[in-house]
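Participant: Here are the chains, one letter per residue:
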Amino acid sequence: GEQVEQRPPHLSVREGDSAIIICTYTDSATAYFSWYKQEAGAGLQLLMSVLSNVDRKEEQGLTVLLNKKDKRLSLNLTAAHPGDSAVYFCAVSPTNAYKVIFGKGTHLHVLP
Amino acid sequence: EAAVTQSPRSKVAVTGGKVTLSCHQTNNHDYMYWYRQDTGHGLRLIHYSYVADSTEKGDIPDGYKASRPSQENFSLILELASLSQTAVYFCASSELGDNYAEQFFGPGTRLTVL
Numbered sequence: 001g002e003q004v005e006q007r008p009p010h011l012s013v014r015e016g017d018s019a020i021i022i023c024t025y026t027d028s029a030t031a032y033f034s035w036y037k038q039e040a041g042a043g044l045q046l047l048m049s050v051l052s053n054v055d056r057k058e059e060q061g062l063t064v065l066l067n068k069k070d071k072r073l074s075l076n077l078t079a080a081h082p083g084d085s086a087v088y089f090c091a092v093s094p095t096n097a098y099k100v101i102f103g104k105g106t107h108l109h110v111l112p
Numbered sequence: 001e002a003a004v005t006q007s008p009r010s011k012v013a014v015t016g017g018k019v020t021l022s023c024h025q026t027n028n029h030d031y032m033y034w035y036r037q038d039t040g041h042g043l044r045l046i047h048y049s050y051v052a053d054s055t056e057k058g059d060i061p062d063g064y065k066a067s068r069p070s071q072e073n074f075s076l077i078l079e080l081a082s083l084s085q086t087a088v089y090f091c092a093s094s095e096l097g098d099n100y101a102e103q104f105f106g107p108g109t110r111l112t113v114l
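Just so you know, the sequences run in chain order A and B.
Read in my numbering, the first sequence has 12 at position 12, and its numbers run on one by one without any break.
Read in my numbering, the second sequence has 34 at position 34, and its numbers run on one by one without any break.
Simulated from the structure, these hints should not be mistaken for laboratory data.
All residues carry an ideal CB built from backbone N, CA and C; glycine is no exception.
Each hint should be verified, as a subset may be incorrect.
[Unchecked claim] Here are the in silico distance ranges between beta carbons for each label pair: (1) Ala-31/A / Ser-54/B: 18 to 26 Å; (2) Thr-5/B / Thr-26/A: 30 to 38 Å; (3) Gly-97/B / Arg-14/A: 26 to 34 Å; (4) Lys-57/A / Leu-80/B: 43 to 51 Å; (5) Gly-61/A / Gly-40/B: 23 to 31 Å; (6) Val-54/A / Thr-15/B: 47 to 55 Å; (7) Ala-79/A / His-41/B: 27 to 35 Å; (8) Pro-112/A / Pro-61/B: 40 to 48 Å; (9) Ala-31/A / Asp-59/B: 18 to 26 Å; (10) Asp-38/B / Glu-59/A: 29 to 37 Å; (11) Pro-82/A / Gly-63/B: 34 to 42 Å.
I would like the entire structure built from these sequences, with the hints used as guidance.
Facilitator: Printed below as a string of structure tokens:
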């Protein structure tokens with residue numbers, strides 16, 4: 001079945017720097033790609049999602065890139081600030097199933 | 001105002017006891033899910049449901065039952081709680097259709113089994 005690898009598991013950046021998180025997946029039929037943010041003691045919050053026909057999407061300081069050839073999904077937080085400190089999860093879904101497969105998460109620390 | 005709520009938010013249970021975790025959503029979503037979160041494992045799907053009075057097994061259903069008495073409510077039941085079931089449990093909901101993969105999560109229930 002589908003496998004998702006997320007890296008790095010921990011990431012520290014300075015305020016104003018970029019933070020990049022990468023996920024790789026195995027199933028070329030994967031159709032739906034999402035990123036979630038989990039703050040301490042809270043549930044996951046959907047940040048952004050893209051379909052497989054989208055290569056790039058930008059919203060509010062976040063950029064999602066999808067490279068279908070390499071089966072790689074990335075999240076770029078441009079100009080990170082301390083409020084971005086959280087755990088980030090990628091998630092992928094096939095076309096015809098209920099299932100959402102999550103990466104293991106990246107703990108992001110943005111230092112002031 | 002919160003669209004997905006869970007109760008209780010935390011619980012301590014004894015080994016062999018029965019535990020029921022409850023989830024309520026006001027999103028009018030058809031799909032509901034139960035996940036557990038453990039350090040180093042991310043989120044793993046326990047049970048899900050796409051219609052009231054019906055539940056389906058996820059990836060790790062052993063030791064868990066689920067109940068969906070209405071569209072809004074979805075419960076997770078541990079008949080005989082075990083130490084290995086200590087974890088944080090999340091409920092989520094999503095629409096039927098193209099946006100099924102956009103899931104909306106509750107705040108979680110921290111379960112400790114002693």
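Participant: Hint compliance check: list the failing hint numbers for this structure, sorted ascending.
Facilitator: Violated hint (a single one): 3; every other hint is consistent with the structure.
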